[in-house]
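Asker: Next come the chains, spelled out residue by residue.
Protein chains: 2
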Amino acid sequence: MVQQFMALSQWSNSMKTESAAQPGAPIGVFDSGVGGLTVVREIMRQIPNERIVYFGDTARVPYGNKSRETVTRYSRQIVHFLRTQNVKTIVIACNTASAYALEELEQEIDIPVIGVVKPGAKAAVEATRNGKIGVIATAGTIASKIYSQYIETIAPDASVIGKACPLFVPLVEEGLLQDPVTDEIARRYLTELKDRQIDSLILGCTHYPLIRDTIEKVMGDEVTLVNPAYETARELKELLAERSLLNEKPIGLGEDGHSFYVSDAAEKFQVFANSILKYGILSAKIVNAEKY
Amino acid sequence: MVQQFMALSQWSNSMKTESAAQPGAPIGVFDSGVGGLTVVREIMRQIPNERIVYFGDTARVPYGNKSRETVTRYSRQIVHFLRTQNVKTIVIACNTASAYALEELEQEIDIPVIGVVKPGAKAAVEATRNGKIGVIATAGTIASKIYSQYIETIAPDASVIGKACPLFVPLVEEGLLQDPVTDEIARRYLTELKDRQIDSLILGCTHYPLIRDTIEKVMGDEVTLVNPAYETARELKELLAERSLLNEKPIGLGEDGHSFYVSDAAEKFQVFANSILKYGILSAKIVNAEKY
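Chains as they are written, first to last, in this note's numbering: chain A, 1 to 292; chain B, 1 to 292.
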């Protein structure tokens with residue numbers, strides 16, 4: 001009886017792995033809330049045949065001011081949920097979760113996991129001419145020093161200047177995308193980076209591309225703004241190609257298309273999602289992440 | 001055997017109730033994060049003999065933009081945790097949780113629960129001369145219409161004008177208590193209330209008393225600012241007196257004094273707590289609220 005049960009459980013595990021490795025399986029993407037949709041937008045643009053299962057942790061947003069332990073626990077629960085959707089790979093679209101949880105989670109599961117930090121850091125190293133790279137992000141991402149540590153390994157001569165910008169997320173969520181208040185806050189946060197003559201700046205939080213114009217106005221034309229979402233989608237495409245996991249067949253909408261899950265307030269999420277993504281998402285379902 | 005077990009369980013239940021009803025038992029106070037400490041400060045001022053067990057849900061803060069279901073689930077978990085500390089009464093120091101969860105929780109437990117909404121509403125009704133009352137709060141508290149509904153029952157002729165101020169909490173947490181940016185945001189949020197000639201204004205979020213000066217500058221001297229924390233502490237004192245539950249014996253510090261629990265980032269909490277409360281808190285411990 002016990003043997004029978006074990007055999008069944010092994011069979012079901014191998015089924016899972018096999019099904020996760022099909023090119024037709026979806027890609028799991030998660031974020032603390034809505035910001036990760038800027039990464040989804042980029043994936044849809046660069047590899048439009050891929051189905052996406054998105055999870056936004058709107059019941060526990062934001063992650064940026066929470067501890068490594070808490071952010072890792074939350075990320076692990078979400079990864080467990082995404083595995084139930086038989087995803088073939090997982091993208092951590094949140095910079096804070098990429099900074100704190102990626103390494104641990106990579107070791108715990110048998111499908112590839114990629115974050116936004118490494119692709120963003122690589123792009124900044126390629127863009128810089130004077131070796132001075134700025135990073136703006138949440139307090140958590142900056143405190144983790146993840147960007148500077150990774151840049152040090154690929155470009156030991158570069159210097160990295162990090163700056164936490166805690167008010168950018170609430171300003172974006174309040175809709176003040178082009179506003180004198182956002183200008184003023186941006187000036188305060190960014191003047192130090194400008195004075196220190198960085199020539200490339202990583203937008204190290206998924207909300208920040210939405211105030212790209214404001215940041216550009218303060219930093220000037222000489223500074224290249226790096227959006228990790230673009231590079232992440234490019235790396236994802238390469239990874240899927242290497243493993244023969246690219247989906248060749250165009251996907252439909254409805255049941256065959258993308259799926260969106262949140263841990264709270266699905267309607268509010270849909271409104272925001274529809275303003276970011278090119279076509280309307282059909283619906284977002286609520287999942288209690290604490291149970292995974 | 002089953003009977004024996006039941007008897008034991010009844011005995012342990014009655015023990016709990018009895019111990020919760022002792023004057024020497026502590027008062028449970030909870031909030032989504034640090035803001036509820038403004039209520040704690042007021043309780044310490046008005047009834048200094050009472051021991052407090054505080055829980056700040058820093059792992060899931062903020063509550064103000066989350067749904068009724070989620071805020072109620074979180075509040076229920078915290079109440080379960082506070083019961084393990086044998087509290088004699090519970091104060092919901094968070095306006096959003098008071099708005100969404102108080103009624104349900106009141107019916108679920110056998111010790112008194114009070115929120116900050118009713119005391120705040122009563123004080124505003126006493127303060128108004130022209131019957132026009134303003135309420136500023138999180139999006140959740142305003143959407144719940146809890147303040148206007150309650151004021152209608154005690155002062156049917158009063159009119160209530162609510163305004164959500166989502167940026168006030170991040171501005172306070174960023175430390176911009178006296179700052180031109182906070183002035184500008186306050187002007188935008190409050191001008192409508194001023195134009196509609198309210199003469200009393202409820203500070204319907206525990207963070208707002210910390211920018212009282214800024215709010216006062218915009219509203220002018222004619223408008224009475226109502227801080228529900230003051231009235232809540234007064235009602236709590238009355239409630240304890242009625243039930244002969246006031247603690248007569250002065251409390252000490254250390255093991256005999258107050259206890260502070262958070263769900264994340266205890267050190268950051270301690271720093272903020274020490275800036276709000278008169279004397280240093282000894283330490284804050286981490287508790288995972290999801291488990292209750």
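Check the hints yourself; a few may be wrong.
One copy or two, either will do: identical chains are not told apart, so a pair holds if it fits within one copy or between any two.
[To be verified] Calculated pairs, DSSO-like style, for lysine-lysine (alpha carbon to alpha carbon, straight line, at most 27 Å):
hint, residue 1, residue 2
1, 268, 145
2, 163, 194
3, 163, 285
4, 268, 194
5, 268, 163
6, 217, 285
7, 249, 268
8, 163, 291
9, 237, 291
10, 132, 285
11, 291, 194
12, 194, 237
13, 268, 285
14, 285, 145
15, 278, 291
16, 291, 122
17, 122, 268
18, 249, 291
19, 249, 122
20, 132, 249
Keep in mind that the hints were calculated from the coordinates and are not lab data.
These figures come from a predicted structure and were not determined experimentally.
Asker: Please go over all the hints and tell whether each is borne out by the structure.
Answerer: Against the structure, the hints:
1. For the identical chains of this complex, residue 268 and residue 145 are inter-copy neighbours only, at 18 Å across copies versus 33 Å inside a copy, given an alpha-carbon limit of 27 Å.
2. When the C-alpha separation of residue 163 and residue 194 is checked against a cutoff of 27 Å, the pair qualifies only within one copy, where the shortest distance is 12 Å, while the shortest distance between copies is 38 Å.
3. Taking the closest pair of Cα atoms, residue 163 and residue 285 never come within 27 Å of each other, the shortest separation being 35 Å inside a single copy and 29 Å across copies.
4. When the C-alpha separation of residue 268 and residue 194 is checked against a cutoff of 27 Å, the pair qualifies neither within a copy, at 36 Å, nor between copies, at 29 Å.
5. When the C-alpha separation of residue 268 and residue 163 is checked against a cutoff of 27 Å, the pair qualifies only between copies, where the shortest distance is 19 Å, while the shortest distance within a copy is 30 Å.
6. Taking the closest pair of Cα atoms, residue 217 and residue 285 never come within 27 Å of each other, the shortest separation being 38 Å inside a single copy and 44 Å across copies.
7. Taking CA atoms no more than 27 Å apart as the test, residue 249 paired with residue 268 passes in neither setting, with 32 Å inside one copy and 50 Å between copies.
8. For the homomeric pair residue 163 and residue 291, neither the shortest alpha-carbon distance inside one copy (35 Å) nor that between copies (35 Å) is at most 27 Å.
9. When the C-alpha separation of residue 237 and residue 291 is checked against a cutoff of 27 Å, the pair qualifies neither within a copy, at 31 Å, nor between copies, at 39 Å.
10. Taking the closest pair of Cα atoms, residue 132 and residue 285 never come within 27 Å of each other, the shortest separation being 43 Å inside a single copy and 41 Å across copies.
11. When the C-alpha separation of residue 291 and residue 194 is checked against a cutoff of 27 Å, the pair qualifies neither within a copy, at 45 Å, nor between copies, at 46 Å.
12. For a Cα distance limit of 27 Å, the shortest separation of residue 194 from residue 237 qualifies neither inside one copy, at 34 Å, nor across copies, at 55 Å.
13. For the homomeric pair residue 268 and residue 285, the shortest alpha-carbon distance inside one copy (12 Å) is at most 27 Å, but the shortest distance between copies (34 Å) is not.
14. Only between protomers do residue 285 and residue 145 lie at most 27 Å apart by alpha-carbon distance; the minimum there is 26 Å, versus 35 Å within a single protomer.
15. In this homomeric assembly, residue 278 and residue 291 never come within 27 Å of each other (Cα to Cα): the closest approach is 32 Å inside a single copy and 40 Å across copies.
16. In this assembly of identical chains, residue 291 and residue 122 lie within 27 Å of each other by CA distance neither inside one copy nor across copies; the values are 36 Å within and 40 Å between.
17. Taking CA atoms no more than 27 Å apart as the test, residue 122 paired with residue 268 passes in neither setting, with 34 Å inside one copy and 32 Å between copies.
18. In the homo-oligomer, the alpha carbons of residue 249 and residue 291 never lie at most 27 Å apart, since the shortest distance is 34 Å inside one protomer and 44 Å across protomers.
19. In the homo-oligomer, the alpha carbons of residue 249 and residue 122 never lie at most 27 Å apart, since the shortest distance is 31 Å inside one protomer and 64 Å across protomers.
20. In this assembly of identical chains, residue 132 and residue 249 lie within 27 Å of each other by CA distance neither inside one copy nor across copies; the values are 43 Å within and 62 Å between.
In summary, the numbered hints that this structure violates are 3, 4, 6, 7, 8, 9, 10, 11, 12, 15, 16, 17, 18, 19 and 20.
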